[in-house]
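Asks: In the UniProt record's numbering, the protein residues as written are 1 to 107.
Check before you lean on any hint, since a few could be wrong.
To be verified - Here are the computed distance ranges between Cβ atoms for each label pair:
{"id": "1", "residue 1": "Met18", "residue 2": "Gly65", "range": "16 to 26 Å"}
{"id": "2", "residue 1": "Val26", "residue 2": "Thr59", "range": "11 to 21 Å"}
{"id": "3", "residue 1": "Glu98", "residue 2": "Gly65", "range": "54 to 64 Å"}
Treat the hints as calculated values from the structure; they're not laboratory data. None of the values given here were measured: they were computed from a predicted structure. Yeah, the Cβ is synthetic: ideal placement off N, Cα and C, and Gly gets one too.
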Amino acid sequence: MANSIGFKISELRKSANMSQFQLAKVLDIATSTLGMYETGKREPSLKVMQRIADYFNVTTDYLLGRPEKKKEKQNVELTDDDIIMTYQGKELSEEDREIIKRLMNGK
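Can you make the complete structure from the sequences, with help from the hints?
Replies: In structure tokens, the structure reads:
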């Protein structure tokens, strides 16, 4: 039960110091319906899960017990030219780029 949707809803509600009545009102559902969610007798619709997730600032994946996916870092190789093509959104002249390249290379 510790990983069920209902348990997570109950824990979120309790951590916010809310009664079932208060949360049900926020979600625009019956208190008895929320009680059934929390006891595992019913599962919320996707629409209700989205409201719960939005209200408590969590993801629906969290409510479903899915592990968080870590985003892999992507390393991109940039040349000096890639780095110094613009300054403040304006394209640099070839002369300016050459000056910056010399400065970057310590020449």
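Asks: The structure should be examined with respect to each hint, and the outcome stated for every one.
Replies: Structure-based check of all given hints:
A hinted range of 16 to 26 Å holds for the C-beta pair methionine 18 and glycine 65, which are about 21 Å apart. A C-beta distance of roughly 18 Å is found between valine 26 and threonine 59, which places it inside the suggested range of 11 to 21 Å. For the pair glutamate 98 and glycine 65, the beta carbons lie near 57 Å from each other, so the given range of 54 to 64 Å is met.
Checked against the numbered hints given earlier, this structure breaks none of them.
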